[in-house]
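One letter stands for each residue in the lines below.
Number of protein chains: 2
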Amino acid sequence: MARPHPLSGFPEWLPDGRVVEQHVLEVLRRTFELHGFAGIETRAVEPLDQLLRKGETSKEVYVLRRLQDDADGAEPADRQPEKQLGLHFDLTVPFARYVLENAGRLAFPFKRYQIQKVWRGERPQDGRFREFVQADIDVVGAGELPYHYEVELPLVMAEALGALRDVGVPEVRVLVNNRKVAEGFYRGLGLEDVEGVLRQVDKLDKVGPDSVAALLQDEQGATPEQAKACLELAEISGDDATVVERVRALAASYDAGTDLLETGLDELGALIDAAARRAPGVVVADLKIARGLDYYTGSVYETVLVGHEELGSICSGGRYDTLASDGKNTYPGVGLSVGVSRLVSRLLSAGLVTATRGVPTVVLVAVADEATRPQSDAVATALRARGIAADVAPTAAKFGKQIKFADRRGIPFVWFPGQPGDTGHDRADDQADDRADDRAGDQVKDIRSGDQTDADAATWEPPAGDLRPRAVAVARH
Amino acid sequence: MARPHPLSGFPEWLPDGRVVEQHVLEVLRRTFELHGFAGIETRAVEPLDQLLRKGETSKEVYVLRRLQDDADGAEPADRQPEKQLGLHFDLTVPFARYVLENAGRLAFPFKRYQIQKVWRGERPQDGRFREFVQADIDVVGAGELPYHYEVELPLVMAEALGALRDVGVPEVRVLVNNRKVAEGFYRGLGLEDVEGVLRQVDKLDKVGPDSVAALLQDEQGATPEQAKACLELAEISGDDATVVERVRALAASYDAGTDLLETGLDELGALIDAAARRAPGVVVADLKIARGLDYYTGSVYETVLVGHEELGSICSGGRYDTLASDGKNTYPGVGLSVGVSRLVSRLLSAGLVTATRGVPTVVLVAVADEATRPQSDAVATALRARGIAADVAPTAAKFGKQIKFADRRGIPFVWFPGQPGDTGHDRADDQADDRADDRAGDQVKDIRSGDQTDADAATWEPPAGDLRPRAVAVARH
Numbered sequence: 001m002a003r004p005h006p007l008s009g010f011p012e013w014l015p016d017g018r019v020v021e022q023h024v025l026e027v028l029r030r031t032f033e034l035h036g037f038a039g040i041e042t043r044a045v046e047p048l049d050q051l052l053r054k055g056e057t058s059k060e061v062y063v064l065r066r067l068q069d070d071a072d073g074a075e076p077a078d079r080q081p082e083k084q085l086g087l088h089f090d091l092t093v094p095f096a097r098y099v100l101e102n103a104g105r106l107a108f109p110f111k112r113y114q115i116q117k118v119w120r121g122e123r124p125q126d127g128r129f130r131e132f133v134q135a136d137i138d139v140v141g142a143g144e145l146p147y148h149y150e151v152e153l154p155l156v157m158a159e160a161l162g163a164l165r166d167v168g169v170p171e172v173r174v175l176v177n178n179r180k181v182a183e184g185f186y187r188g189l190g191l192e193d194v195e196g197v198l199r200q201v202d203k204l205d206k207v208g209p210d211s212v213a214a215l216l217q218d219e220q221g222a223t224p225e226q227a228k229a230c231l232e233l234a235e236i237s238g239d240d241a242t243v244v245e246r247v248r249a250l251a252a253s254y255d256a257g258t259d260l261l262e263t264g265l266d267e268l269g270a271l272i273d274a275a276a277r278r279a280p281g282v283v284v285a286d287l288k289i290a291r292g293l294d295y296y297t298g299s300v301y302e303t304v305l306v307g308h309e310e311l312g313s314i315c316s317g318g319r320y321d322t323l324a325s326d327g328k329n330t331y332p333g334v335g336l337s338v339g340v341s342r343l344v345s346r347l348l349s350a351g352l353v354t355a356t357r358g359v360p361t362v363v364l365v366a367v368a369d370e371a372t373r374p375q376s377d378a379v380a381t382a383l384r385a386r387g388i389a390a391d392v393a394p395t396a397a398k399f400g401k402q403i404k405f406a407d408r409r410g411i412p413f414v415w416f417p418g419q420p421g422d423t424g425h426d427r428a429d430d431q432a433d434d435r436a437d438d439r440a441g442d443q444v445k446d447i448r449s450g451d452q453t454d455a456d457a458a459t460w461e462p463p464a465g466d467l468r469p470r471a472v473a474v475a476r477h
Numbered sequence: 001m002a003r004p005h006p007l008s009g010f011p012e013w014l015p016d017g018r019v020v021e022q023h024v025l026e027v028l029r030r031t032f033e034l035h036g037f038a039g040i041e042t043r044a045v046e047p048l049d050q051l052l053r054k055g056e057t058s059k060e061v062y063v064l065r066r067l068q069d070d071a072d073g074a075e076p077a078d079r080q081p082e083k084q085l086g087l088h089f090d091l092t093v094p095f096a097r098y099v100l101e102n103a104g105r106l107a108f109p110f111k112r113y114q115i116q117k118v119w120r121g122e123r124p125q126d127g128r129f130r131e132f133v134q135a136d137i138d139v140v141g142a143g144e145l146p147y148h149y150e151v152e153l154p155l156v157m158a159e160a161l162g163a164l165r166d167v168g169v170p171e172v173r174v175l176v177n178n179r180k181v182a183e184g185f186y187r188g189l190g191l192e193d194v195e196g197v198l199r200q201v202d203k204l205d206k207v208g209p210d211s212v213a214a215l216l217q218d219e220q221g222a223t224p225e226q227a228k229a230c231l232e233l234a235e236i237s238g239d240d241a242t243v244v245e246r247v248r249a250l251a252a253s254y255d256a257g258t259d260l261l262e263t264g265l266d267e268l269g270a271l272i273d274a275a276a277r278r279a280p281g282v283v284v285a286d287l288k289i290a291r292g293l294d295y296y297t298g299s300v301y302e303t304v305l306v307g308h309e310e311l312g313s314i315c316s317g318g319r320y321d322t323l324a325s326d327g328k329n330t331y332p333g334v335g336l337s338v339g340v341s342r343l344v345s346r347l348l349s350a351g352l353v354t355a356t357r358g359v360p361t362v363v364l365v366a367v368a369d370e371a372t373r374p375q376s377d378a379v380a381t382a383l384r385a386r387g388i389a390a391d392v393a394p395t396a397a398k399f400g401k402q403i404k405f406a407d408r409r410g411i412p413f414v415w416f417p418g419q420p421g422d423t424g425h426d427r428a429d430d431q432a433d434d435r436a437d438d439r440a441g442d443q444v445k446d447i448r449s450g451d452q453t454d455a456d457a458a459t460w461e462p463p464a465g466d467l468r469p470r471a472v473a474v475a476r477h
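Chains as they are written, first to last, in the UniProt record's numbering: chain A, 1 to 477; chain B, 1 to 477.
The following block holds chain A by itself, in its conformation from the complex:
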């Protein structure tokens, strides 16, 4: 076969890139678990009719068919629309289905994290993939879900992403808004098509305030004053309680106060307060966030990497009053989703984070000649038994070549087994396993410094920092 080329939109990493991705995933997972989120995984497919319930995403779905069905000729059962399967495009739809399917066997409120690939048939571009990894946390209640979870979940994400800063991940800023504030304000102004207004306001970054004002008037029938008020609301942002006061004052100046607005401001204020206490400077109220407000019902979150804002949100979510419903019961939820592939892709392409090496191996055990390979195997076995990853040289090449083998992979240590102690060389094969720690003269070389010292496979320890390949920040000059 000819040398294959990458498929656009389907990212893959070399082993050292995968070390960085694994580190990101481990830190996220660890933080989620510390907060009591249970890990689940759902199947990759859902019935197509379930995936298409949100109309807007319908075009992005990959539909599956069994190749065999083509051969069968006749219209097979799983070509019927209701029986067709598609790949999930997020982890929310499958989670909602999982909750309904297992409602009787889950304890609510149910907190879960889920780290899996999702697929979207979108045109690939920078930061947008057709296959990518998401890491989601959600909490879902049966019938009701206290507001305080809307405060806690973005803080969990801020903590998880913040825990990545020491390997070079930039600072994050979590931007928050609240559907009730926007809706209450627009209704107070007399604008009833809330979705329509949100759709226009969402174009602010693209077309600017003048065009949005024109659109609000032309498309939504707003008066110039109403349009002006909408733009003034969108301009408000900040990380302390004055945000709430400014919105309240703005609403008063337009006589646009409503109960819904007040409820929304109470919620937004509580979130900003708690965030300012628990993660100062990380969470910022940003009243211009409109995307998401049309399907979320309370808080909504977006997250940018400081210095990489043009990448878009790397972690978004919000509150649903109805994450799932089976007609009898309703399950409200709140959650956020990290775009892991988007994040890792940027970390690697921007040269922010690198791996100390691409292999787990700490020690390469050299092989003097094939007859003594069992001795080298025994050293590796002794090291592994104490949690030290070890590999044995593939061939009994010259030691210089074996050291090069380690160097090329970033393996920090090369181990040279000594001659068997009190036994003849020709008997080493049979006894090597039993006498790894009886041998005299084992030496280990740190190939970075060149230092070579006597060592015993039963007791030698590498520096803790060398024990595993690590993700590390790339030094900036």
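These are computed hints drawn from the structure, not numbers from a lab. Incorrect hints may appear among the rest.
One copy or two, either will do: identical chains are not told apart, so a pair holds if it fits within one copy or between any two.
Unchecked claim - When the alpha-carbon atoms are kept at most 25 Å apart in a straight line, the in silico DMTMM-like pairs for lysine to aspartate or glutamate are as follows: (1) Lys203 x Glu101; (2) Lys203 x Glu12; (3) Lys288 x Glu232; (4) Lys288 x Asp259; (5) Lys404 x Glu33; (6) Lys206 x Glu310; (7) Lys83 x Glu60; (8) Lys401 x Asp456; (9) Lys288 x Asp210; (10) Lys404 x Glu461; (11) Lys401 x Glu122; (12) Lys228 x Glu195; (13) Lys228 x Asp193; (14) Lys401 x Glu144; (15) Lys83 x Glu122; (16) Lys203 x Glu144; (17) Lys401 x Glu41; (18) Lys288 x Glu225; (19) Lys228 x Glu192; (20) Lys117 x Asp49; (21) Lys117 x Glu131; (22) Lys404 x Glu144; (23) Lys83 x Glu33; (24) Lys83 x Glu12; (25) Lys328 x Asp454; (26) Lys206 x Asp266; (27) Lys401 x Glu33; (28) Lys206 x Glu232; (29) Lys328 x Asp273; (30) Lys117 x Asp205.
Dock chain B against the given chain A, drawing on the hints supplied.
Coordinates of chain B only, in the frame set by chain A:
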């Protein structure tokens, strides 16, 4: 939406089942890393023409199409056969492609592990799924690959699976055979259609020796004596060097010795010897293994769970002389693949392994009333900072109800924050974060024993065994 039903062939676990699966995956991954295998992940899709290169699996492939293309009407580019994508049905085909694609950036021999879902459009049945997790290890060389890897890789798998025994996974038996032994023997007998003979011998378990003897004569044109010899070879098995002697003696009795047979016996003997030394009793030569021999070129492996042999092989693989080739270079490889879903499904359905709980939470921090929630949050924060997973009660319900909340999830400890020390109760909100360790009277209750003791969130430690949810063997009576 109506309550959804599971999709046959697409297994999912409840949170406690996922704890068991995670344990299995972690043990496998840890063992692979200790042996120096680098973790990689490949995309879930491959070009359809690449997936169909092995004819026999073609019917099992799930082909993708973008729903949007249906709407577009015209025959879109990605309906062209060479541009169609299918979900991978194993991890070997994608790994071979990854090796070719990145050959210039990988160091050979390249040892990698890969743990991912694969998909097959097969009819679901016990132990056979349409979506399942595989955990593969392979080592691939550039141009050449020393034989000793054929000895090492099944031993790595035996070690990985053996490390699961203390949580109740049954003993495994790795059955090995060698293509060169079978081919050398058949050719020595004068049977040249080696694939044909293997196909008949593979039916032994299903139809019995008499029928196989008849098939060998009817379909392969074997004489009665040749058929008898094939069956006698298939009967040979054992875990020591006498296996090699028995095959050699059998070949001599039919005057069927060949150089290829001798090479194969040397290899098989070396594998059995090393295995008997390094993992006594685990590896068994079984000359009747035929499946796999038609595409592997050297050693071949299957693995059964002792007591669950009818489940079939849970870990199979072998040696390929050409794992991949780009015309200029050839990459021989050897590897094995664990059917993780098949294994976990049996562990759960047979009640062999269970989880101590389904949530990571060690401590539920109770909430006396909503006004003091920040105090409870502060306790949880202090515990988490020391690696102790903590959750805070969802509401300030009666303590009995909060204890029930913990009990239902298997959370072992409930924490009762005391009153703030030297500050008034009404000031607790503002200061709780700063003074988690100043408060007097925190208590923690082990809800299994009922023991309740004074505790300080800055120093208290749970028993090590409670720190994480664990997979444990189900006690047998």
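Hints, verified against the model:
1. Neither within a single protomer nor between protomers do Lys203 and Glu101 lie at most 25 Å apart by alpha-carbon distance, with minima of 38 Å and 41 Å respectively.
2. In the homo-oligomer, the alpha carbons of Lys203 and Glu12 never lie at most 25 Å apart, since the shortest distance is 33 Å inside one protomer and 41 Å across protomers.
3. In the homo-oligomer, the alpha carbons of Lys288 and Glu232 lie at most 25 Å apart inside one protomer (9 Å), although the nearest pairing across protomers, at 80 Å, exceeds that limit.
4. In this assembly of identical chains, the alpha carbons of Lys288 and Asp259 lie at most 25 Å apart only when taken from the same copy (21 Å versus 78 Å across copies).
5. Taking identical chains as interchangeable, the C-alpha atoms of Lys404 and Glu33 lie at most 25 Å apart only when they sit on different chains, with a minimum of 21 Å there against 41 Å within one chain.
6. Taking CA atoms no more than 25 Å apart as the test, Lys206 paired with Glu310 passes inside one copy only; the shortest distance there is 12 Å, against 62 Å between copies.
7. Within a single copy, Lys83 and Glu60 get their C-alpha atoms as close as 18 Å, and across copies as close as 18 Å, so both meet the 25 Å cut-off.
8. For a Cα distance limit of 25 Å, the shortest separation of Lys401 from Asp456 inside one copy, 23 Å, qualifies, whereas the shortest one across copies, 57 Å, does not.
9. In this assembly of identical chains, the alpha carbons of Lys288 and Asp210 lie at most 25 Å apart only when taken from the same copy (15 Å versus 80 Å across copies).
10. For the identical chains of this complex, Lys404 and Glu461 are intra-copy neighbours only, at 22 Å inside a copy versus 46 Å across copies, given an alpha-carbon limit of 25 Å.
11. Taking identical chains as interchangeable, the C-alpha atoms of Lys401 and Glu122 are never at most 25 Å apart, the minima being 47 Å within one chain and 48 Å between chains.
12. Taking CA atoms no more than 25 Å apart as the test, Lys228 paired with Glu195 passes inside one copy only; the shortest distance there is 18 Å, against 80 Å between copies.
13. For the identical chains of this complex, Lys228 and Asp193 are intra-copy neighbours only, at 16 Å inside a copy versus 85 Å across copies, given an alpha-carbon limit of 25 Å.
14. Proximity of Lys401 to Glu144 under the C-alpha cut-off of 25 Å is restricted to the inter-copy arrangement: shortest distance 17 Å between copies versus 66 Å within a copy.
15. Proximity of Lys83 to Glu122 under the C-alpha cut-off of 25 Å is found in both arrangements, the shortest distances being 24 Å within a copy and 16 Å between copies.
16. Taking the shortest Cα distances, Lys203 and Glu144 never come within 25 Å of each other, neither inside one copy (34 Å) nor across copies (59 Å).
17. With identical chains, the CA atoms of Lys401 and Glu41 are never at most 25 Å apart, being 45 Å at best within one copy and 29 Å at best between copies.
18. Only within a single protomer do Lys288 and Glu225 lie at most 25 Å apart by alpha-carbon distance; the minimum there is 18 Å, versus 86 Å between protomers.
19. Taking the shortest alpha-carbon separations for Lys228 and Glu192, only the intra-copy value of 16 Å comes in at or below 25 Å, while the best inter-copy value is 88 Å.
20. In this assembly of identical chains, Lys117 and Asp49 lie within 25 Å of each other by CA distance both inside one copy and across copies; the values are 20 Å within and 23 Å between.
21. Taking identical chains as interchangeable, the C-alpha atoms of Lys117 and Glu131 lie at most 25 Å apart whether they share a chain (7 Å) or sit on different chains (14 Å).
22. In this assembly of identical chains, Lys404 and Glu144 lie within 25 Å of each other by CA distance solely across copies; the values are 18 Å between and 62 Å within a copy.
23. For a Cα distance limit of 25 Å, the shortest separation of Lys83 from Glu33 qualifies neither inside one copy, at 36 Å, nor across copies, at 41 Å.
24. In this assembly of identical chains, the alpha carbons of Lys83 and Glu12 lie at most 25 Å apart only when taken from different copies (19 Å versus 32 Å within one copy).
25. Taking the shortest Cα distances, Lys328 and Asp454 never come within 25 Å of each other, neither inside one copy (72 Å) nor across copies (44 Å).
26. In this assembly of identical chains, Lys206 and Asp266 lie within 25 Å of each other by CA distance neither inside one copy nor across copies; the values are 31 Å within and 71 Å between.
27. With identical chains, the CA atoms of Lys401 and Glu33 are at most 25 Å apart between copies only, with a shortest distance of 23 Å across copies and 45 Å within one.
28. Proximity of Lys206 and Glu232 under a CA criterion of 25 Å is satisfied intra-copy only: 17 Å inside one chain copy versus 78 Å between copies.
29. Within a single copy, Lys328 and Asp273 get their C-alpha atoms no closer than 36 Å, and across copies no closer than 65 Å, so neither meets the 25 Å cut-off.
30. Taking the closest pair of Cα atoms, Lys117 and Asp205 never come within 25 Å of each other, the shortest separation being 30 Å inside a single copy and 40 Å across copies.
When each numbered hint is compared with the structure, violations occur for hints 1, 2, 11, 16, 17, 23, 25, 26, 29, 30.
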